[in-house]
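Read top to bottom, the protein sequences are chains P and E.
So the first sequence is numbered by numbering that gives the first Met the number 0: it starts at 0 and just counts up by one.
So the second sequence is numbered by numbering that gives the first Met the number 0: it starts at 0 and just counts up by one.
There could be a bad hint or two in this list.
What the hints assert, rightly or not - In silico DSS-like pairs for lysine-lysine, Cα to Cα no more than 30 Å straight-line:
id: 1; chain 1: P; residue 1: LYS196; chain 2: E; residue 2: LYS178
id: 2; chain 1: E; residue 1: LYS56; chain 2: P; residue 2: LYS177
id: 3; chain 1: E; residue 1: LYS376; chain 2: P; residue 2: LYS288
id: 4; chain 1: E; residue 1: LYS295; chain 2: P; residue 2: LYS135
id: 5; chain 1: P; residue 1: LYS73; chain 2: P; residue 2: LYS113
id: 6; chain 1: E; residue 1: LYS56; chain 2: P; residue 2: LYS288
id: 7; chain 1: E; residue 1: LYS376; chain 2: P; residue 2: LYS135
Stated by the list, open to error - If you anchor each label on the Cβ, the simulated ranges turn out as follows:
id: 8; chain 1: E; residue 1: VAL373; chain 2: P; residue 2: PRO87; range: 46 to 54 Å
id: 9; chain 1: E; residue 1: VAL373; chain 2: P; residue 2: ILE301; range: 16 to 24 Å
id: 10; chain 1: E; residue 1: ARG299; chain 2: P; residue 2: ARG130; range: 36 to 44 Å
id: 11; chain 1: E; residue 1: PHE378; chain 2: P; residue 2: ILE301; range: 23 to 31 Å
In case anyone wonders, no lab produced these hints; they're calculated from the structure.
Computed from a predicted model, the values in this text were never measured in an experiment.
Glycine included, C-beta positions come from ideal geometry on N, C-alpha and C.
Each chain, letter by letter, is given below.
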Amino acid sequence: MRRWFNGSMVATALAAAAVSAVISLSVTRSAGQTARPARTPSGQPNFNGVWQALNEANWDLQAHEARSGMVTQKGVYDYEYARVPAAPVVALGAAAGVPGSLGVVQGDGQIPYKPEAAAIKKANSENWIDRDPELKCYLPGVPRAMYMPYPFSIVQGTDKIHMTYAFSNAGRVIHMTKVAGPPDDTYMGHSVGHWEKNTLVVDVTNFNGKNWFDRAGNFHSEALHLVERYSPISADAIRYEVTIEDPNVFTRPWTIAMPLYRRLEPNATVLDYPCMEFSEEFMYGHLRKQQLVKRWEGETIIVDITRKIPPGERLHDWYRR
Amino acid sequence: MRRRLLEALAVASVMIALIGFLRLSVAGQAAVPQSAAKTPVPQSAAKTPAPPAAIPKTAWGQPSLEGIWLDEFDTPLERPAKYATREFFTDDERAAQNAERAGNSGRNVRAEVGSRQDVAGAYNAVFTSIKPAGRRTSLVVDPPNGRIPALTAAAQERNRIDRDFRLALLQNTDTCKNKMTACSGWQYGPPSPRLAEVPPFYNTQRMNRHNGPEDQSMADRCMSGSEPDFIGFRRIVQGPDSVAIGVDTGQGQGFQRVVYLSGNHPPSTVRLRHGDSRGHFEGNSLVVETTNYSPKWPIRGAWENLKLVERFTRLSTNTLEYSVTLTDPTVWTAPWTVKQELALQPDTENRIYYEPRCHEGNYGLPALLIGARVDEKAFAEGKGVDPASQDTASCLLNPEQQ
Numbered sequence: 000m001r002r003w004f005n006g007s008m009v010a011t012a013l014a015a016a017a018v019s020a021v022i023s024l025s026v027t028r029s030a031g032q033t034a035r036p037a038r039t040p041s042g043q044p045n046f047n048g049v050w051q052a053l054n055e056a057n058w059d060l061q062a063h064e065a066r067s068g069m070v071t072q073k074g075v076y077d078y079e080y081a082r083v084p085a086a087p088v089v090a091l092g093a094a095a096g097v098p099g100s101l102g103v104v105q106g107d108g109q110i111p112y113k114p115e116a117a118a119i120k121k122a123n124s125e126n127w128i129d130r131d132p133e134l135k136c137y138l139p140g141v142p143r144a145m146y147m148p149y150p151f152s153i154v155q156g157t158d159k160i161h162m163t164y165a166f167s168n169a170g171r172v173i174h175m176t177k178v179a180g181p182p183d184d185t186y187m188g189h190s191v192g193h194w195e196k197n198t199l200v201v202d203v204t205n206f207n208g209k210n211w212f213d214r215a216g217n218f219h220s221e222a223l224h225l226v227e228r229y230s231p232i233s234a235d236a237i238r239y240e241v242t243i244e245d246p247n248v249f250t251r252p253w254t255i256a257m258p259l260y261r262r263l264e265p266n267a268t269v270l271d272y273p274c275m276e277f278s279e280e281f282m283y284g285h286l287r288k289q290q291l292v293k294r295w296e297g298e299t300i301i302v303d304i305t306r307k308i309p310p311g312e313r314l315h316d317w318y319r320r
Numbered sequence: 000m001r002r003r004l005l006e007a008l009a010v011a012s013v014m015i016a017l018i019g020f021l022r023l024s025v026a027g028q029a030a031v032p033q034s035a036a037k038t039p040v041p042q043s044a045a046k047t048p049a050p051p052a053a054i055p056k057t058a059w060g061q062p063s064l065e066g067i068w069l070d071e072f073d074t075p076l077e078r079p080a081k082y083a084t085r086e087f088f089t090d091d092e093r094a095a096q097n098a099e100r101a102g103n104s105g106r107n108v109r110a111e112v113g114s115r116q117d118v119a120g121a122y123n124a125v126f127t128s129i130k131p132a133g134r135r136t137s138l139v140v141d142p143p144n145g146r147i148p149a150l151t152a153a154a155q156e157r158n159r160i161d162r163d164f165r166l167a168l169l170q171n172t173d174t175c176k177n178k179m180t181a182c183s184g185w186q187y188g189p190p191s192p193r194l195a196e197v198p199p200f201y202n203t204q205r206m207n208r209h210n211g212p213e214d215q216s217m218a219d220r221c222m223s224g225s226e227p228d229f230i231g232f233r234r235i236v237q238g239p240d241s242v243a244i245g246v247d248t249g250q251g252q253g254f255q256r257v258v259y260l261s262g263n264h265p266p267s268t269v270r271l272r273h274g275d276s277r278g279h280f281e282g283n284s285l286v287v288e289t290t291n292y293s294p295k296w297p298i299r300g301a302w303e304n305l306k307l308v309e310r311f312t313r314l315s316t317n318t319l320e321y322s323v324t325l326t327d328p329t330v331w332t333a334p335w336t337v338k339q340e341l342a343l344q345p346d347t348e349n350r351i352y353y354e355p356r357c358h359e360g361n362y363g364l365p366a367l368l369i370g371a372r373v374d375e376k377a378f379a380e381g382k383g384v385d386p387a388s389q390d391t392a393s394c395l396l397n398p399e400q401q
């Protein structure tokens with residue numbers, strides 16, 4: 000049960016692929032969208048197109064309930080569930096909370112951290128803003144790039160599969176032939192794939208250990224080794240499963256799994272999310288000649304939060320807008 | 000041991016680029032690259048399609064463009080006037096150029112050791128690739144004189160306004176006092192009040208002021224990579240309904256493109272760093288039209304009305320012809336076209352560095368801003384020189400060095 004997509008599921012996948020073939024031939028697509036055969040001319044499942052995960056894994060791979068803010072602080076009570084939004088997001092109200100999730104970690108839902116690594120994860124979580132590479136627009140790494148809330152494109156070539164992600168214009172090549180790894184460790188890893196019947200199996204290595212899995216501080220080292228499995232559920236959905244191995248951080252391999260969905264709207268296009276530029280104020284704003292920073296408390300910058308709120312007895316004005 | 004060595008090599012994206020460039024230089028000097036060793040293609044062949052039988056096809060019948068491609072030659076964008084409308088060098092002319100390039104011309108130029116100029120000009124020719132001469136006298140093939148067409152009056156005026164602002168910021172420095180090339184057309188004078196102004200247009204080049212990231216060049220901000228790119232490696236992965244192009248343009252500033260073979264450009268309100276590319280096949284060529292460029296990433300001043308039409312044509316197993324026509328009637332008085340022959344690179348050697356990560360290691364940008372704040376503070380406290388009198392933008396080179 001822990002790995003709900005495993006050997007016994009191959010038959011199901013085959014059946015699903017057969018069904019998807021029928022679906023793709025029989026369903027009338029909306030105007031403007033090219034009908035795609037279920038298989039490539041080489042006979043593999045056809046993953047060409049624009050895809051996106053629809054889940055909360057980028058917030059936390061593990062099951063979690065919704066939270067009041069991306070960043071919270073202790074409220075009136077000491078309870079974890081009674082925390083309130085903290086300064087960095089308080090001006091954004093309900094738009095800056097965190098959605099709940101049943102989690103994508105298979106089996107018991109636990110991530111098998113070594114004790115010292117668990118302490119790092121906890122500290123990561125408590126220092127999310129300062130530590131998460133996503134906020135700095137660093138290359139997102141794999142598998143995180145696969146389930147960030149942005150679309151990505153898959154181009155299935157003759158002996159390469161290219162993925163282009165909206166986030167940070169990141170890219171990734173899966174070599175379907177043996178190609179030696181790059182001469183340095185990487186953010187996006189070195190991917191070598193092969194087909195096991197209908198499943199694309201990708202071995203990913205050569206990581207530099209600087210990425211996280213999510214905004215909850217889940218992390219890995221440069222010893223990360225992934226085995227990804229992409230299996231068609233239908234012509235428009237892929238079951239994406241990753242086995243994660245990193246003896247520096249985890250006591251055993253563990254697995255996440257989720258569907259990836261085809262973006263079915265006509266003219267589906269990956270529009271860049273050019274976040275290098277977006278992150279400059281975050282990264283370098285305190286080095287400007289004219290700064291938003293009002294004062295420093297140790298290594299913490301104090302910046303004004305600007306909100307337009309009718310004062311006191313004029314509160315009712317707020318509801319009229 | 001391998002790891003430690005490699006980590007050392009990865010200290011800066013500059014080094015990564017250097018490794019790539021050096022490999023090219025070595026290839027270029029030790030032996031003429033494979034494609035150059037062949038009998039030069041007759042000039043008339045440039046307009047004659049190669050025999051279709053020689054062209055690899057994809058499983059779905061399109062001409063295959065797949066592989067890592069590189070222009071193995073160093074060709075000036077615009078043609079020197081002395082070659083007039085002549086598109087190709089003779090073999091003797093190429094041999095003479097390669098003999099010169101194989102020497103150490105320009106590589107020992109150094110300002111007075113330890114001087115400000117010496118440190119600021121740390122990039123000598125060792126850091127730049129020296130590729131052999133190609134058969135073309137210029138990358139621009141149309142207009143027939145190999146020159147980019149004249150700018151429109153509006154574009155010239157825009158350039159003048161932009162240049163005047165940059166020179167005003169430089170006017171109190173030694174660069175202007177000593178009449179160096181970077182100050183040509185301007186006079187030495189007191190610190191300009193324009194130092195307090197917002198630049199007249201969205202800035203994309205380095206200027207002599209460092210108030211924030213927007214005062215830096217796009218390269219300083221790790222955002223300079225854009226098409227058309229004439230120098231980088233590019234990896235093409237081709238699918239039946241879209242084509243991915245990963246460009247490694249050096250300095251960790253590569254980028255990814257997806258060319259969709261269906262659909263339409265987004266509304267003109269959507270502006271994109273790499274534009275929006277839609278392609279289709281015409282015979283053996285993939286023809287790609289790109290529009291929707293952003294004002295933040297102009298190409299020689301063009302963006303709003305810029306249209307690129309690129310043609311990727313597989314000429315043979317090892318050769319891909321690339322041409323691009325740039326059209327923007329508000330910037331250029333005529334369209335212009337660049338043509339290159341790209342050579343297939345071995346995949347097994349990882350010829351391409353497909354992970355552009357300048358931004359992840361960008362210590363230079365914050366250091367530049369910190370330096371500017373420190374200088375301002377010191378001057379305010381009466382301990383330093385006026386930052387306005389310091390040239391921190393040009394390369395401080397004397398005219399004969401440029």
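Going down the list of hints, with the structure as the test:
1. P:LYS196 to E:LYS178: violated (71 Å)
2. E:LYS56 to P:LYS177: Holds - the C-alpha atoms of LYS177 of chain P and LYS56 of chain E are around 22 Å apart, at most 30 Å.
3. E:LYS376 to P:LYS288: holds (11 Å)
4. E:LYS295 to P:LYS135: holds (20 Å)
5. P:LYS73 to P:LYS113: Satisfied, since the Cα-Cα distance of roughly 28 Å is no more than 30 Å.
6. E:LYS56 to P:LYS288: Violated, because 57 Å separates the two Cα atoms, which is more than 30 Å.
7. E:LYS376 to P:LYS135: Holds, because 28 Å separates the two Cα atoms, which is no more than 30 Å.
8. E:VAL373 to P:PRO87: 46 to 54 Å: Between VAL373 of chain E and PRO87 of chain P, where Cβ atoms are some 28 Å apart, the hint is violated.
9. E:VAL373 to P:ILE301: 16 to 24 Å: For ILE301 of chain P against VAL373 of chain E, whose Cβ atoms are near 22 Å apart, the range 16 to 24 Å holds.
10. E:ARG299 to P:ARG130: 36 to 44 Å: holds (41 Å)
11. E:PHE378 to P:ILE301: 23 to 31 Å: With Cβ atoms ~26 Å apart, the hint holds.
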